[in-house]
Amino acid sequence: MQAFDYRRPGTLNEADLALKASPGAKLLAGGQTLLPTMKLRLATPDSIIDLSGIASLKGIARKDGGLAIGAMTTHAAVATSGDVKGAIPGLAKLAGGIGDPQVRHRGTIGGSIANNDPAADYPAAVLALGATLQTSKRSISADDFFQGLFATALEENEILTEINFPVPQSFAYAKFDQPASRFALVGVAVARTAGGVRVAVTGAGQSGVFRWTEAEKALSANFSASALDSIKLDASNVMSDVHGSADYRAHLVGVMARRAVAG
Amino acid sequence: MIKLSLTVNGRRVTADIDPRTLLVDFLRSNLRLTGTHVGCDTSQCGACTVHLNGQSVKSCAVLAASCEGAEVVTIEGLATGTTLHPMQEAFREHHALQCGFCTPGMIMAGVDIVNRHGAKLDEATIRKELEGNLCRCTGYHNIVRAIETGAAAMAGAKVAAE
Amino acid sequence: MTDQGIGASVKRKEDLRFITGKGQYVDDINRHGQAYAVFARSPVAHATINNIDVSEALASPGVLGVYTGADLAADKIGGLICGWMIHSKDGSPMKAGAHPALAQGKVRYVGDHVAVVIAETLDQAKDAAGLIQVDYGELPAVVDVASAQAAGKAQIHDEAPGNTVYQWHLGDKDAVDAAFSKAAHVTKLDIVNNRLVPNAMEPRAAIGDYDAGQDQFTLYTTSQNPHVARLVLSAFIGIAPENKLRVIAPDVGGGFGSKIFIYAEETVCIWAAKKVGRPVKWVAERTEAFLADAHGRDHVTTAELAMDVSGKILALRASTKANLGAYLSTFASSVPTYLYAPLLSGQYDIPAIYCEVDGVYTTTTPVDAYRGAGRPEATFVVERLIEVAARETGRDPAEFRRMNFIKSFPHQTPVIMAYDAGNYGASLDKALEMADYKGLAARKAESAKKGKLRGLGFSAYIEACGIAPSRAVGSLGAGVGLWESAEIRVNPVGTIEVLTGSHSHGQGHETTFAQVIASKLGVPIEQVSIVHGDTDKVQMGMGTYGSRSGAVGASAIVKASEKIIAKGKRVAAACMEVPEDSVDFENGEFLGRGTNKKMTFGEVALQAYVAHKFDPEVIEPGLKEGSFYDPKNFTFPSGVHIAEIEIDPETGHTRIDRWTAVDDFGILINPMIVEGQVHGGIAQGVGQAMLEHTVYDENGQLITGSFMDYTMPRADDLPSYNVAMTTTPCPSNPLGVKGCGEAGAIAAPPALINAITDALGHEDIAMPATPQAVWRAAQKSARKMAAE
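Residue numbers (our numbering), protein chains in the order written: chain A, 223 to 485; chain B, 429 to 590; chain C, 21 to 808.
Wrong hints could be hidden among the right ones.
What the hints assert, rightly or not - Just so you have them, the derived chain A footprint on chain C, three or more residues with Cβ under 8 Å:
hint: 1; stretch: 704–715
hint: 2; stretch: 721–732
hint: 3; stretch: 782–794
Unchecked claim - If you want the ones that stay clear, here's a sample from chain C, every Cβ over 10 Å from chain B, calculated:
hint: 4; residue: I39
hint: 5; residue: G99
hint: 6; residue: L311
hint: 7; residue: R422
hint: 8; residue: L452
hint: 9; residue: P512
hint: 10; residue: I693
What the hints assert, rightly or not - Some, not all, of what chain A presents toward chain B, calculated at C-beta under 8 Å:
hint: 11; residue: A225
hint: 12; residue: Y228
hint: 13; residue: R230
hint: 14; residue: Q254
hint: 15; residue: K261
hint: 16; residue: L262
hint: 17; residue: L264
hint: 18; residue: S274
hint: 19; residue: A277
hint: 20; residue: D322
hint: 21; residue: Q324
hint: 22; residue: P388
hint: 23; residue: V389
hint: 24; residue: I453
Keep in mind that the hints were calculated from the coordinates and are not lab data. No experiment lies behind these values; they were computed from the predicted model shown. C-beta atoms are modelled at their ideal positions from N, C-alpha and C, and glycine is treated no differently.
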């Protein structure tokens, strides 16, 4: 790696100050994405602010009728949490399917969402559940948060602190693994929320995670796997690479959506 | 340079390190604990697996600096004196290693699987839990047998201790 | 000694250091004052090097030296060699271009080594490597054989017009043509044997060290054959005379062939150690290994099988284009020729065979031997042809094979190989029973009820290994002999060191070779040390690959042990005062025949060194004997693998439901270790068949260049294996051992593809049969069936 300045603040306030002092510094969450990228010298930040020492960013609680998950909560903690399993069991299952056990012991929900990898699992859940992202500055709705490949609404001096998930009537996520990386080749999250059926797709969109509005309409009328039989995702905006062409991915979106609905 | 202090295999360790030092390099170069291996650069292979605060992690994807105040256990810290850990014994018993390069990471992962799941592990669970550990030599068959046996032995040892 | 000798599943002696993290791999070794090397590699697939400016790099902090091909040339360092001469059909020698250790004038693949930076720390070396400025004149890239041979596209080496290194053939074209003209049925297949990246878990590494006081070089290297490395580095590359070059291959974390070859990196490290006056250490990063390690396979073949109306095979012909990559690696030329075509008879009585092979340069990583080396390619051709021929003619694939099996031995094939012993029907019978072949139809119906497609595929393989008789391979173009050496040192108090030219990088020789000694000399394995991997300790050897260490390496130990016993008898006779030819050796004891006099092995050893009881003019003191064993023939492991799979047609995901392997490896030294070799080989074969995909884009960039995109087999991709052995002892070596290291990788791919195509209604599918590929084939098949 190339050399960098390093700080490990103990509180959110210290982190804020550190970020102001080094604009353009990279925030280090679980490191499961950032560190490999830095090792390959694909990212060369001058300054790193390590959030792993800030206790207030970790934790899961029932709050305001929903789930509040601290941004530095690990995937393993979410997967095994009684609160999550009780309130949104499909979310615990999703977290338990990210990466592998070692990655889940370090990777964080905040890191995953802030990075917005187009094949990550959490963005689909955040979008489908209509979560609210709390930052050090403001609240951002899920619909406003994801802005393209590896791009989010987070500004340079802004730290993601907590994710608030309203408890849905139902939530399920079905994913088909890219065989090498075990990221989502395609992943579909389906939620029945207070605001209606929401379907979010990851792994397939050329601009990252997106809502499949056609499927939402069909499922709103009839929440069953067969409701999706007559609709097909238009492959023209779907990613294509050595692991899956656009038409195969588009097909898999339909399959995974049906499996998520079937539960 | 930053100051780092942590516990490794039960021993308190302090050092001045370059912040970019990965935990795996701190273990291998600073502490000369070369049992933890580097097999890839994209965090797939798991040869670098150690226990950090009781959980399996890939030490190639953790900064040593993030481990301030933490407890790290490596393969060198599993045995008690000359008495091997039951998982180590199980790997030898079942010929669960050939070249040995993935083995420390595999054993540490195996112990962690049992720590989380308990002694009764079915084959499908073990295979799924090994998603983060690659082996090119054994075809995994004997590794699965070893973890089954290691799990039972760890439960037996626990009962004996209680 | 039966619980420790040949045939016992003794737990491995070497395991203790590996399970406690005390192995000594090259990267675990650190030399006092060592510096670090980073290689600057070409980012383009094909270009002239118009200029290299290293000035900024040289001025970078911590840098001790920056070197290019010009520096190696100035020191008269020779290029990397290919040690096997192949002649084309017209008799001309293969057209090979030079392979300098650092590029001279041109780069020919992405990853080609252009320069090296040596610095105090690894990060300083990396920083400086990024400052090297190379002015490339880009040329067209060609990544596949068809493009490479197309006129006017790109000339990679001046010596090879049309990028064609050789056009070779084997067999009787006229006889084959005649047979095809009379055939009742011809099966034809176009087959791609996909390129693979070996990816042993330990990346390659080297430490070069030079002692100026003694003018002595020491190289630590991740090698399967340290003596061959020393020979090549000394005699061909010119680093130093052999007696001034020590090569050590300590614990090595897997090889699978990729660590046989003598590469640029260790060559440069050992040379540079003298230049900078410091030890020089290099360790490959994984993404670097993807570019820099020799790849495997990469054949494009058209193959045909001719049969008569009764189903008897009349002839087989194959036309293969082999992608050799940008340079000829150490054994590259032999893999698609003499390690491939001679296996095209398979287990079958085929009267006429003809094979043509073009070896072709492309602007990709060099290709060389990888687990199986030519035999997986041959077996895939034969076993796919056989399976498809059976289906096309409505025959049961097992019985079609059985009717064509060779049934009497020895059997001379039309492609050089003379199979010495085997019982293919016995393997097939056992495999059918273990796989519950009879229950397949019912299982298929059950799967169909759940919306899944179930299929079963056979692979009846034979391979030629235990390489190899020196004169035979010499006559075929090999530049070396393929014997093996063993020296048995009996110490005065009865412990033994066996110095072997074999090298263990996972094969368990420290245990199996000790088991041979336990059987032959009656000494417990705890008292036997196996010494390998150091040219200062073991005088000379040819190393471990080609499944040769049991058949050849252990046979050398047997021969040496016979000499030990012979000398021991003479010493014992003198000590016991009985006639020399009246001593027998049984169960570790020397017995005076017809008397009640006896001496233990340990007592005789001591007497040999104390030398009080015999005339040293008649018997020399000491008890140490060596042997160089040259095998009489290749060995021919064979067997039947049966794969049963279940496809989810909605996604194309293939689950392996069960795997049956019945192998005949002759006598087994340690059944536990043999089974482990089968397991590992099957996993690599499954990897080739459905997971591992090496993809270059049209600019010669490796797209699948890390574990993020190159799918390595994981535990949840594989089942537990049902493994059994049948035995026809090998008649050509003293142990009756055939070797087992590569068989799984040879057998598995056609079994899996035959199973998948069975499930899909016989739609052909190329390797790797990824979920996407299977889904497409399932779609095609479903459309076809709907249409019918």
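Okay, the hints, checked on the actual structure:
no.: 1; hint: 704–715; verdict: holds (count 3)
no.: 2; hint: 721–732; verdict: holds (count 8)
no.: 3; hint: 782–794; verdict: holds (count 3)
no.: 4; hint: I39; verdict: violated (4 Å)
no.: 5; hint: G99; verdict: holds (29 Å)
no.: 6; hint: L311; verdict: holds (13 Å)
no.: 7; hint: R422; verdict: holds (28 Å)
no.: 8; hint: L452; verdict: holds (22 Å)
no.: 9; hint: P512; verdict: holds (29 Å)
no.: 10; hint: I693; verdict: violated (7 Å)
no.: 11; hint: A225; verdict: holds (6 Å)
no.: 12; hint: Y228; verdict: holds (3 Å)
no.: 13; hint: R230; verdict: holds (6 Å)
no.: 14; hint: Q254; verdict: holds (5 Å)
no.: 15; hint: K261; verdict: holds (5 Å)
no.: 16; hint: L262; verdict: holds (6 Å)
no.: 17; hint: L264; verdict: violated (11 Å)
no.: 18; hint: S274; verdict: holds (5 Å)
no.: 19; hint: A277; verdict: violated (12 Å)
no.: 20; hint: D322; verdict: holds (3 Å)
no.: 21; hint: Q324; verdict: holds (5 Å)
no.: 22; hint: P388; verdict: violated (30 Å)
no.: 23; hint: V389; verdict: violated (27 Å)
no.: 24; hint: I453; verdict: violated (32 Å)
The structure fails hints 4, 10, 17, 19, 22, 23 and 24 (numbered hints given earlier, in ascending order).
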